[in-house]
Amino acid sequence: MSKIGILSTVTITMHTTKITTNTTMHTTIRTTKKSVFVLALKQSFLAIALLLGCLMPVLAEAPLASLEARFKPNAQGIAETTEVPDFQRHVSPLLGRMGCNGRACHGSFQGQGGFTLSLFGYDFDSDHKALLDQDAGRVDTKDPLVSLILTKPVDADLHEGGQRFKKDGWEYWVLRKWIEAGAPKSTNAAKSENQKLVRLDVSPLEIQFESRDKNQNLRAIAFWEDGTKEDVTSLCRFSSNDTSIANIDEKGNVTSGEVGDTHVVVSYDSAVVPVSVMRPVGVPGQLRQQIANSKTEIDRLVLRKLDKLGILPSGNATDAEFFRRVSLDVAGTLPTSDQVRQFLDDSTPDKRSKMIETLLASPGYAAWWTTFLCDMTGNNDDQLRNFSPLAQNSSQHWYQWIYARVAANVPYDKIVEGIVTAVSREPDESYAEYCEKMTEINVDKTGKSYADRSGLMYYWARTNQRTAEERAISFAYAFCGVRIQCAQCHKHPFDQWSKQDFDQFERLFDGVTANQNSYMPESKEDVDKMLTDLGLVKSLKGNDLRKKLEEVIRDGKTVPFPEMYVRLSKIPDSKAKDKKDKEKNAKKIAAAQKKYPVARLLGAEFVDLSTVSDPRVPLMEWLRRKDNPYFAKAIVNRVWAHYFQVGIVNPADDLNLANAPSNAELLDYLASGFIETGYDLKWLHRTILNTETYQRSWTTNQTNQLDRRNFSHSLLRRLPAETAYDALRIALSNDKEAQSICALESDRAMTMPGASAQNKNGKNGASNYALTVFGRSIRESNCDCDKSSDPSLLQTVFIRNDSDVLKAMNDPKFSWLAQVAKEHNLTPIRTNSDTPEPKQMQKASVSRTSEDYDRDIRKYRKQLQMLENKEGSEKTIRDVKSRLALAEKRLQELTLAKDKSSNSEPQSEPVYLSNLSSKSEVRLSDEVSTKIVEEIYLRTLSRKPTSVEMETSQKAIAVAETPLNGISDVLWAVINTKEFILNH
Amino acid sequence: MSIHNYCDGMKRRDFIRVGSLATGSFTLANYLRMAEAGQVKDGNATSGIFIDLSGGPSHLDTFDPKPEAPEGIRGDFKTIPTCVSGIQISEHLPKMAKNLDKYVILRGVSHTLAAHNLGSEYVNTGSRPLASLEYPGYGAVLCKERPVDSDIPAFVAIPNSGQRSGFLGIQYAPLNTGASPQAGKPFNVRGISLGAGVTVEQLDRRQNLLKDLDHTFASMENRDQLLTGLDRFSDKAYSMLTSERARYAFDVSKEDATFAAQFGTDSFEQSCLLAVRLIESGVRFVSLRVGGWDNHTDIFNNLSTKLLPKLDGGVSALLMGLEQKGLLSSTSVMVTGEFGRTPKVNTRATLGGRDHYPRCMFMLMAGGKIRGGQVIGQSDETASGPANDAITPSDAAASFYHNLGIDPKQEFQTETGRPIMLVRDGNIIPQLFA
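The listed protein sequences correspond, in order, to chains S and B.
Counting in the numbering used here, the first sequence runs from 1 upward without gaps.
Counting in the numbering used here, the second sequence runs from 985 upward without gaps.
Be aware that one or more of the hints could be misleading.
As the list claims (entries may be wrong) - Below, a list of computed lysine to aspartate or glutamate pairs in the DMTMM-like style, where the Cα atoms sit at most 25 Å apart:
no.	chain 1	residue 1	chain 2	residue 2
1	B	Lys1290	S	Asp854
2	B	Lys1195	S	Glu961
3	B	Lys1195	S	Asp790
4	S	Lys448	S	Glu745
5	S	Lys787	B	Asp1208
6	S	Lys875	S	Asp854
7	B	Lys1169	S	Asp804
8	S	Lys807	B	Glu1228
Everything labelled a hint here was simulated from the structure, so no lab data went into it.
Full structure from sequences and hints, please.
This is how it looks when you write it as C-alpha cells:
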C-alpha cells in the first residue's frame, strides 16, 4: 500500500512543476503522463534520464492484457483460452464488480437466496467456501454448466438481482473456465495465504476537463508480489466522490459534469486509489504573480490549487472581522468592546500577529483547546460513573490533566503518550501510596492536582470502551482520524482495511484493565486490609461499597482506588529444559498464540505479544514514527478544519484512501512541519493563523462563491455551542462582568469538564440546556459529528425568547442594560423578575405541595422510630432529624402563604411596567445615543455600526416608549442577527 | 459516497429476506401471510405519543401478574378482571382495566440490556445501542419524515425525553418543556411562552427592527444554505412565539372543564392532558416521561400509593381523551419502561423490591390501526421470560413505525455516509393490526 502512496506523490510533484512552467498547453484533456513527457523534453536531459529510468521497466515488459481481452469469445461465442482464472485475482473481484457482494445483495449479513458473500469481498476463504457449498449449488464442478453462478446472473427472470452479464460474454467465460478447472481457491496449490498486491497503478492520476460531458478512460495495472502485472481495469470497482462534478461508469470511463474538483476512486483487491478530477471554474494561470509573492508556504500551496481551478481568492478581511474571527476561533471568546476599540485604534503594522500571540497565551486558548481535546478523546461523565469511588470527579480530572498540558504547550505527542500508555500508578509508587495520593486529589474539588499524574488513566476506564474492539475503534478515531469500525465486520469499502486487519489491530488492546473492581493481583491484599481498617464489611460490593467509600473519603480517610493496568495472559516459556516439557509447552504456546493470533499495527508490522508487557508501548512508538501516515495528519487536519470549517481531508476524522485530501501538499507540509517542530501545537496555530488564507474575507467573487473545499474565502460558520453560549453572556453583561467572563474568572461553558448525551440538570443545569440545543459534543460515538454546528429552530427560539437570555439581558445587577440605565439615569425596565415570581413559571415540576411535605414528615417520623434502637445509626438519625425539621418548616410556610393568598387579590399577569411609565422621560441626546448604539455593535458584532445601522437604531431608540426600552430592542435585534451567531 | 449503483430495487426484497430467516409466530413470513389475507391493516396514524416509564416498571405487579406464582414472586397485589374476559391485571389499575378495549398489552417482551441508559436507548429507538452510532428516537424520525410547517413545534417532550435525534441531527431534537403542567394553571414553556415581561407588540417591534438590521450577508443570502436556514428558522420562531395557537395548546387551563376533569391533578396526569392538547393542535410527536419506577426497595408501597394511581389515571384518561376528540385513530401510542423487574422480590431491605430485569417486561400499544382489547405474547409461569417466542423492543418499534405509516426497513444515511436501516432487527407484530 505504501508504495501506491509514494507513487502518487511522485506523480503529483511532477505535475505541479508542470503547472508553473507549462501553462500554455491546452488540450481538451490533459493526462499526467503526457504532460510529464512534454515537460521532460522541454527541460533537461537529466530529467529525461530520470524519468526514463523510472518508466523503462514498465515499458520493457508490458502487463498482461485484460481478462476482457483474454476471455473474449470468438465468433462462435466460445472463449478459446486454456488459462485458468485465479480466484483472488479474477473471480472474486469480478463478483465484486458485478455487485454480487454488495450490501443489498449477497454481501448482506443474512445473505440473499441462501447465498452469502463477505461484504465488499476480501474474505477469500469464506467466499470460496460459500461458492463451493454443495447444498447451495452455486458452483458445481462436476457439472459446471448447471452452476448457479453461471445460470442466474444471465437470467433476469431467475435472478432477483437482474441480469448481470450476457451469456457468452467474457465474464461468463471467466467463471466457466474457473469452474471447469475445478474452481480452485488458489492456482498455486502450495500457497494457502492471500497473494499480496504490491500496488495498483492507475493512469491518469489527475484529469483536467475543460468542459462538460467530456470523457476520459482510466486504466489500472495490478502489480503482484510475485512480479506479475496485469491490466485489471475491467475488474476494478469505480465510484465518484461527487457525481455532480465527475461521473464514472463501471468500465472506468470518467465523464465531466459541473465545474469544480473531486476524486473518482478505483478499488481492486486491497487497493483503493483516488484520481483527482478537475474542471476549472475560471481561467487558470492568473495567480502566478500572487503565488510568487506569497509570504507563507501555506498561502503558496493554497493559491496553487486555486490557480489550477481558475479560482480567484477573496481579499483580506477587515481588522474588525479578523479580530472577532480570531478571538472566537482561538480562544472561544467574544472580545469585549474595549478590546475591539483598542485593536481597531492600534496602528502597529504587525498588530494581527501580535494579537495572535496574545490570544495563544490567553486562558481562553487553553480552555478552548482542552475542550477540543476532551471532545476528541471522549471525556464523558456518563461513561466514567463506574470507575472511581468519587465518580463525579473523574471528568474534572480528565479536563485538568489536559488543561495543564495545553496551557504549558506540552508537545502533542507527549500529551497523547500520557493518554495512550497511561497506567494508574506512577513508576515505583506502591499501591498504598497511590491510594493516598488519589484520596488527596479527590478531596480537593478542583481536581487540579490530578494534572501532576503522568498518565490519564480515565481514558481507558470508560464503560463504553471496555472491550478490545471498542478500544481499537476509539483509538483509531481519536489519534489516527481513521474510521476502522467498518472493518470490524467487513472489508472497508473506502479503505484498505480488511476484517483481518481489524482483528489483528484489536489484539493490541487486549489486557487493558480498568473498572470498578480492577486491582492488580498483588494489590488485593492491601485492598482488603484497607477496607478492614476502615471498618467496612466484606459483603459490601459494587455500588453499595462505592457509596460507602465516598462518605469515608469526604472525611479525608484514604480508601482503596481501582487500578488501571495492562496484563496479557502469559504465553509459556518456549525455552524449556527437557524435551518432554518442550513438547508440552509447544502445545500450550500454540494454543496461546491461537488465542492471540497476531497483533498488528494499522497498516504496519506485526507485534509479537509474547515479547511486550504493554502492547500500547509499541503502538505509541508507531504513532510517533516520522512515516506514520495518520498521527500528525489527523491532528493538523482537525485543527485546520476548526479554522476553516472544512478539513483538507473532510470530514476531518475520516482519513481513508478514497477520501483524498483536497490539497495533499498542504496537508503534507503542515504535518511534516508539525513533526519537525516537535509536535508543537502553538506552532501549528500560529502558522495557520498568520496566513493570508486564514485572514481572507468572507465576501466572494464570481469564481469562488461556490468553493467550499479550497479555502478561497472564509466560510460562514455557526459558533460552536460553548462559544455561542459564552458569547451571549459576554454581549449581555455589564463591562465588569463581561471582562471577568472573558478572563475566565467566572465559569465558562468551555470549562465544563465532562459531557454526555443526557441533558441533565446537574451542577451546570442552566447552561446545559443551551449547550444541548446548540449541539455540544456528546462525546459518545467516536465521531467528530458528536458535536454539531447545524442551526435549528430551538436555537433561534433560544436567543429570541429563552428565559436565560432575557434574564441575562435584564439582570438588575449584572446586565449591561442596567449599567446603561444607571450611567444615563434612565428608568429601569421592570420585569417580573423584580416582582415575586409566580412559582409555576420557573420550577413547576419541583414545586412541592403541602401534601408532599406532609408525606415526608410522616416518612421521617417513621424512620426515626425504626432507627431509634439501632446501634451505630446516630449519624443517620441526626440526618433524618434535620430533614424532618426542614420539612416541618416548609409546610408551615406553605400554609401561611396559602392563607395570605386567599385573602388577597389573585395575582395578575406580570406587567411590563416601563410601558406604563411616564412618556415624559427625557430623550437621549444624539451624542449619547450614538455612543450607546456604537457600544452595542462593538460588544456584539465587534465592529462599529454602518451609517444606515446607526440611523435605524437611533430611530428605534427615539420612538420607543422609553429610551431604555429602545436600547433593549436594539440590543435584542443585534444579538439575533445572523452576523452575531456566525463566525465570519 | 455510494459504492454500488447495482442491485437497485432490492430494498423491497430485503424485506422478505429478513422475514424468511426468522422463526416463530412474530415473523415477517407470518405477517405477510396475514397481510395477504387482508388481515393486517396498513398504518396511517399521523402523530405519535410515547410514554417513558423511566426506571423500569415491574411487569408482575402491573400488566403481567402471576397470582399463581409462589410467594416471594407473585408480590403483594391481587388481580382484577378487565373489560375483556379472561384478561386480568393488577388491582391498582382499575381504570386501565376498564379501558383495555382501547389498547394492547404486550407480554413476554424481552431483551438483554440491564443498565438504565442502554435499555432506555433501546426502547426509545428500537435498535440496540451501538458504540459507533446513535440511533434517532421515534419522535425525531417522525418529524423528519412528516415535517410540520407551521407555527407549532413538531416534537415536544414533557418534561424531557430519552429520545434524541441521533444521526438525523439536532434540528429534529425535541422541545423540552422542562417542567410539567399543573392543574388549572397557565403553563409556561421554555421558549414558547413569551419570556419575562415581553409582549407580542414588543416582539413585533423587535422583529421588524431585526429585519431592518440583519443585512450584512444580503449579498450572498440565497446562495448559502446556512443563511437560508437561519432565515427560515427566524420566521418560524417568530410565528411560533406570536402564535395564539401554540400558546393556547400549551395552556392546560384553557381546556374544557368536563374534559379536563377526567385527568387527575397529579403532574403526570396533567402532562397526559397536555399531550392530548398538543396532538390536537397539530404537534407531530409528544414524548412523556414519568420516573420513579426503579424500585429496588419498598416496591409495593411505592407502586400502590404513588406510581400506579397516576399511571392508571393518566394513561386511561389520555386514551379516552384521544378517543373523545377523534384522535385515537390517527395517533400511535406506546407505553414502556426500559426493562421489567426481577420476578423474585429481594430481601436486602426490610421492605423489599425488585431489581433490573430485561428478560421479561411489558409494553402497551394503542391508537392508529391497532386493535385494542388483546394481550399479545406471553411470559412463563413466573414471568421470568417469554413463554414461547419473545417479542423484542425492535419488534415493538417496527410495529410502532408501521402504525405511523413509516417503513421500519427504510434506510437512512448517517453523516458519514453509512447506510442504516431504521429498525435493525425488528419485525412487525401482525396480531396488533389484525
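Notebook entry, point to check: Going straight from one Cα to the other, do lysine 448 of chain S and glutamate 745 of chain S come out at no more than 25 Å?
Noted result: Given pair lysine 448 of chain S, glutamate 745 of chain S holds - Cα atoms ~16 Å apart, limit 25 Å.
Item checked: Agreement of lysine 1195 of chain B and glutamate 961 of chain S with the hint, judged by alpha carbon distance not exceeding 25 Å -> It holds: about 20 Å lies between the C-alpha atoms, which stays within 25 Å.
Margin query: Run the distance test for lysine 1290 of chain B versus aspartate 854 of chain S: straight-line Cα separation, threshold 25 Å.
Written below: Given pair lysine 1290 of chain B, aspartate 854 of chain S holds - Cα atoms ~14 Å apart, limit 25 Å.
Notebook entry, point to check: Is lysine 807 of chain S close enough to glutamate 1228 of chain B, meaning Cα to Cα at most 25 Å?
Noted result: Status holds; Cα separation ~24 Å.
Next item on the list: For the pair we were handed, lysine 787 of chain S and aspartate 1208 of chain B, check the Cα-Cα distance against 25 Å.
Entry: 21 Å, holds
Note to self: Between the alpha carbons of lysine 875 of chain S and aspartate 854 of chain S, is the straight-line distance 25 Å or under?
What the structure shows: Status holds; Cα separation ~24 Å.
Notebook entry, point to check: Keeping to a limit of 25 Å between CA atoms, is the pair of lysine 1195 of chain B and aspartate 790 of chain S held or broken?
Noted result: Holds: lysine 1195 of chain B and aspartate 790 of chain S sit about 22 Å apart, inside 25 Å.
Margin query: Does aspartate 804 of chain S sit within 25 Å of lysine 1169 of chain B, going by the straight-line distance between their CA atoms?
Written below: 22 Å, holds
Hint compliance for this structure: every hint is met.
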